[in-house]
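Chemist: Chains as they are written, first to last, in our numbering: chain A, 1 to 256; chain B, 1 to 189; chain C, 1 to 189.
Treat each hint with caution, since some may be false.
On the chain C side, residues computed to face chain A include the following (Cβ under 7 Å) [what the hints assert, rightly or not]:
hint	residue
1	38
2	42
3	76
4	79
5	81
6	88
7	145
Pairs of lysine-lysine, DSS-like flavour, derived with a Cα cap of 25 Å [said to hold, decoys possible]:
hint	chain 1	residue 1	chain 2	residue 2
8	B	159	A	113
9	A	98	B	112
10	A	153	C	69
11	B	45	C	78
12	A	137	A	98
13	A	211	A	189
14	A	103	B	45
15	A	103	B	112
16	C	159	C	102
17	B	81	A	106
18	B	81	C	85
19	A	29	A	98
20	C	50	A	153
21	A	103	A	113
22	A	113	B	112
23	A	113	A	73
24	C	102	C	84
25	C	50	A	137
26	C	38	A	137
27	A	27	A	103
28	A	211	A	201
29	C	50	C	78
In short, the hints are calculated from the structure, not lab data.
Cβ atoms here follow ideal geometry from the backbone N, Cα and C, with glycine treated the same way.
What follows is each chain in one-letter form.
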Amino acid sequence: MGWNMAIPVKLQVFEGPLDLLLHLIDKNKVDIYDIPIVEITAQYLEYIKDMETEDMNIMSEFLVMAATLIDIKCRMLLPEEVNEEGEEEDPREELVQKLLEYKMYKYMSFELKDRQMDAGRTLYRQQRLPQEVENYKQPVDYESLLADVNLNKLQEIFQFMMKRQEDKIDPVRSTFGKIEKDEVDMDLKTTYVIEYVKSHKSFSFRQLLEKQRSKMEIIVTFLVILELMKLGQIDIEQQDICDDIIITSKILAEAM
Amino acid sequence: MERQSAEAILEAILFTMGDSVEVARLAEVIEEDIEATKEILAGMKSGYEKEDRGITLIELEDSVQLCTKPDMYEYLIKIAKTPKKFVLTDTLLETLSIIAYKQPITRLEIEKIRGVSCDHAVNRLVEFNLVTEVGRLDAPGRPLLFGTTEEFLRCFGVKSLGELPELNSVQMEEFKQQAEAEVQLQLDI
Amino acid sequence: MERQSAEAILEAILFTMGDSVEVARLAEVIEEDIEATKEILAGMKSGYEKEDRGITLIELEDSVQLCTKPDMYEYLIKIAKTPKKFVLTDTLLETLSIIAYKQPITRLEIEKIRGVSCDHAVNRLVEFNLVTEVGRLDAPGRPLLFGTTEEFLRCFGVKSLGELPELNSVQMEEFKQQAEAEVQLQLDI
Numbered sequence: 001m002g003w004n005m006a007i008p009v010k011l012q013v014f015e016g017p018l019d020l021l022l023h024l025i026d027k028n029k030v031d032i033y034d035i036p037i038v039e040i041t042a043q044y045l046e047y048i049k050d051m052e053t054e055d056m057n058i059m060s061e062f063l064v065m066a067a068t069l070i071d072i073k074c075r076m077l078l079p080e081e082v083n084e085e086g087e088e089e090d091p092r093e094e095l096v097q098k099l100l101e102y103k104m105y106k107y108m109s110f111e112l113k114d115r116q117m118d119a120g121r122t123l124y125r126q127q128r129l130p131q132e133v134e135n136y137k138q139p140v141d142y143e144s145l146l147a148d149v150n151l152n153k154l155q156e157i158f159q160f161m162m163k164r165q166e167d168k169i170d171p172v173r174s175t176f177g178k179i180e181k182d183e184v185d186m187d188l189k190t191t192y193v194i195e196y197v198k199s200h201k202s203f204s205f206r207q208l209l210e211k212q213r214s215k216m217e218i219i220v221t222f223l224v225i226l227e228l229m230k231l232g233q234i235d236i237e238q239q240d241i242c243d244d245i246i247i248t249s250k251i252l253a254e255a256m
Numbered sequence: 001m002e003r004q005s006a007e008a009i010l011e012a013i014l015f016t017m018g019d020s021v022e023v024a025r026l027a028e029v030i031e032e033d034i035e036a037t038k039e040i041l042a043g044m045k046s047g048y049e050k051e052d053r054g055i056t057l058i059e060l061e062d063s064v065q066l067c068t069k070p071d072m073y074e075y076l077i078k079i080a081k082t083p084k085k086f087v088l089t090d091t092l093l094e095t096l097s098i099i100a101y102k103q104p105i106t107r108l109e110i111e112k113i114r115g116v117s118c119d120h121a122v123n124r125l126v127e128f129n130l131v132t133e134v135g136r137l138d139a140p141g142r143p144l145l146f147g148t149t150e151e152f153l154r155c156f157g158v159k160s161l162g163e164l165p166e167l168n169s170v171q172m173e174e175f176k177q178q179a180e181a182e183v184q185l186q187l188d189i
Numbered sequence: 001m002e003r004q005s006a007e008a009i010l011e012a013i014l015f016t017m018g019d020s021v022e023v024a025r026l027a028e029v030i031e032e033d034i035e036a037t038k039e040i041l042a043g044m045k046s047g048y049e050k051e052d053r054g055i056t057l058i059e060l061e062d063s064v065q066l067c068t069k070p071d072m073y074e075y076l077i078k079i080a081k082t083p084k085k086f087v088l089t090d091t092l093l094e095t096l097s098i099i100a101y102k103q104p105i106t107r108l109e110i111e112k113i114r115g116v117s118c119d120h121a122v123n124r125l126v127e128f129n130l131v132t133e134v135g136r137l138d139a140p141g142r143p144l145l146f147g148t149t150e151e152f153l154r155c156f157g158v159k160s161l162g163e164l165p166e167l168n169s170v171q172m173e174e175f176k177q178q179a180e181a182e183v184q185l186q187l188d189i
């Protein structure tokens, strides 16, 4: 019998269980209205057993159909069911309807494909506005734009806003004076101090500070001195608290 | 201002815009009603049919657009950049044909017909602008409804959804004969 | 393949390309020499001159291009540029009043008064030609200064800014000073 032939393991990829079923029906040259359910179910199961997919989503879709087929197979072994109108019901009926509908759309998809090929021969054009049209600016209609706005209204709005601005003013903060931000470049200062250390064998901290203008500069200079001491590039001596600090350079330029 | 010929105005507009333009908007510009505008457009179309014209007019639902004649394709590909063609896989084509014939349709309904999930396919078709969301079904969960776009009509060379190839053809006849009644039932849905 | 009319081929190519195309390339496609191609193009051009045509052919050096006839522009504007509705919103009015009374003023200063960004509002007012750039502030970043235009004066029926309604209530002065101090403080940070 035709439908007993083995199914090649690496068959074409089917769009889904209905596609596979249609293929089997076609291949076995059987009537869609009289599907030999036992044979087709066997072939179907064989196919999905060999299906090389690890995608459970795809697999489950095929398994649902397998369950349906087995269900139909069982019901066909039982005495024929009778519906409310007293007619015999073929357990395959619902499946046949689905297969027919699917087959129809599958066929139409081929039809569409042909149409697409033909339609692809027609070319269109991008929108291209001439410069004059592109540059066109609609004139402003001031009468409708300003409608009921006049100078008094403009003044009212302005006063209202200034009032609102006043309400927002913080009475304490608004009396504060200006605070100027000191701009001290840390890197520049570091370079400056290192150069100074290189060119002076021994000097006092106060002597170095004479060149600094602001508090921030003094702080930065002090930090640089501390850093150089940590690196062992200078020695520091201070006889008593509040005495001048004597700095001895260990990285004199000549020595390098 | 001298009155320009309506044909000239319509040609200029369609040429410049490139894309399809609604007949209603064209009617407004030439200050005619829609019926009269359609007649003028039909007259233009028959003018374009002449042998020495390389362009023509296509209708897409309630819009019109200028395009090249299909038999110019051989010459055009020699010189013009042809638009990037997207390849529609069988899955996409199946999904598209279901949407085209059963629109508006939900994802679930498409899945029922194909027997497999269609999320990916529908998303791709939306990306290609062949399919678009057209609303929501008034049902629990308010699922999205999908339909085809104007781009779909252009891509498949149909003027309107009413002009889609009918669901009967020689091949269809074969299995229709097997079950005339059943298939008829499908068509009536 | 049937031989298409050269005119049709040229029209289709020029339509699709949009840009200008060298006559030499066109000649190649229709398999004619350049002279013959030029003659065909000249023939097409006189065809386009007819009253019922909206497009025409222009020659540029050794190239040709299809384009819309200039007397069609007003119709193109009707369809390509949907009319805008110009409205002075509260935001625009507030911004306009600040500029009117405090000009010349920078965006930053306007923002300090209104408490919110004003970029959009200032741009719209400039678009309406009620406000214009009047210079730059001599400060870091050299910010633009804005002031009102002649159009503004015309619209509000005043001859000069001096005719703007005065703001001299005692209370007004008081809180103006405070406000200015605050604004200045914030500007300096």
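Chemist: When the nearest CB of chain A is found for residue 76 of chain C, is that gap smaller than 7 Å?
Modeler: Result: holds, 5 Å to nearest chain A Cβ.
Chemist: Does the CB of residue 88 of chain C sit less than 7 Å away from some CB of chain A?
Modeler: 6 Å, holds
Chemist: Given the hint that residue 27 of chain A pairs with residue 103 of chain A, does the C-alpha gap stay at or below 25 Å?
Modeler: 15 Å, holds
Chemist: Assess, step by step, whether the Cα of residue 50 of chain C is no farther than 25 Å from the Cα of residue 78 of chain C, and give holds or violated.
Modeler: 23 Å, holds
Chemist: Minimum Cβ distance from residue 38 of chain C to chain A below 7 Å?
Modeler: 24 Å, violated
Chemist: Taking 25 Å as the top limit, are the C-alpha atoms of residue 159 of chain C and residue 102 of chain C close enough?
Modeler: 18 Å, holds
Chemist: Hinted pair, alpha-carbon criterion (25 Å max): residue 103 of chain A, residue 45 of chain B. Please report holds or violated.
Modeler: 38 Å, violated
Chemist: Holds or violated: residue 98 of chain A and residue 112 of chain B, Cα atoms, limit 25 Å.
Modeler: 9 Å, holds
Chemist: Given the hint that residue 29 of chain A pairs with residue 98 of chain A, test it: the Cα-Cα distance must not exceed 25 Å.
Modeler: 19 Å, holds
Chemist: Taking only the CA atoms, is the gap from residue 137 of chain A to residue 98 of chain A under or equal to 25 Å?
Modeler: Roughly 59 Å separates the two Cα atoms, so the pair is violated.
Chemist: Given a cut of 7 Å on the nearest C-beta pair, is the interface hint for residue 145 of chain C held or broken against chain A?
Modeler: 18 Å, violated
Chemist: Under the criterion of a CB-CB separation shorter than 7 Å, is residue 79 of chain C in contact with chain A as hinted?
Modeler: For residue 79 of chain C, the interface hint is violated, since the closest Cβ of chain A sits about 9 Å away, which is over 7 Å.
Taken one by one, the earlier hints fail for this structure at numbers 1, 2, 4, 7, 10, 12, 14, 17, 18, 20, 23, 24, 25 and 26, listed in ascending order.
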